[in-house]
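Start counting at 1 in the sequence shown, then tack on 32, and there's your number in this note's numbering.
Derived from the structure by calculation, the hints contain no laboratory data. Yeah, the Cβ is synthetic: ideal placement off N, Cα and C, and Gly gets one too. Just to be clear, a hint being listed does not mean it is correct.
Label pairs and their calculated CB-CB ranges [unchecked claim]:
no.	residue 1	residue 2	range
1	Glu92	Leu70	26 to 32 Å
2	Glu54	Pro96	17 to 23 Å
3	Ile104	Phe84	25 to 31 Å
4	Glu100	Asp45	33 to 39 Å
5	Arg55	Asn78	17 to 23 Å
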Amino acid sequence: MRTTATVAANGIDRVQTGVRMERRLVKVLKAVAELRDLALGELLENLVQDAFAGRHYFEESALPSIRELMRIYGLDLDPRVHVD
Numbered sequence: 033m034r035t036t037a038t039v040a041a042n043g044i045d046r047v048q049t050g051v052r053m054e055r056r057l058v059k060v061l062k063a064v065a066e067l068r069d070l071a072l073g074e075l076l077e078n079l080v081q082d083a084f085a086g087r088h089y090f091e092e093s094a095l096p097s098i099r100e101l102m103r104i105y106g107l108d109l110d111p112r113v114h115v116d
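All chains should be modelled from the sequences, with the hints used to inform the complete structure.
Spelled out as structure tokens, the structure:
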């Protein structure tokens with residue numbers, strides 16, 4: 033796999049990576065990123081950083097909008113189903 037690295041002015045080294053994700057989940061994530069005026073990668077980075085720190089990235093008031101996007105894109109999350 034080929035990656036492209038970029039070092040930001042703040043010294044953070046970022047790489048371009050290819051990941052496979054469920055299509056509807058990606059559509060919801062892209063829509064959420066657009067609502068927050070973020071690139072998809074920025075949203076994912078923020079989500080993971082907060083998850084690793086034990087924090088919730090989204091405030092409670094954002095959840096109805098996210099649920100509506102999930103409905104629009106047909107994303108029904110079942111916590112009993114995990115990716116193998």
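Hints and how they fare:
Judged by the Cβ atoms, the range 26 to 32 Å given for glutamate 92 and leucine 70 is violated: they are separated by roughly 19 Å. Taking 17 to 23 Å as the suggested C-beta distance range, the pair glutamate 54 and proline 96 conforms, at roughly 22 Å. About 29 Å separates the C-beta atoms of isoleucine 104 and phenylalanine 84, a value consistent with the hinted range of 25 to 31 Å. Remark: the range hint 33 to 39 Å for glutamate 100 to aspartate 45 is upheld by a beta-carbon distance near 36 Å.
For the pair arginine 55 and asparagine 78, the beta carbons lie near 22 Å from each other, so the given range of 17 to 23 Å is met.
Violated hints amount to a single one, hint 1; each of the other numbered hints is respected by the structure.
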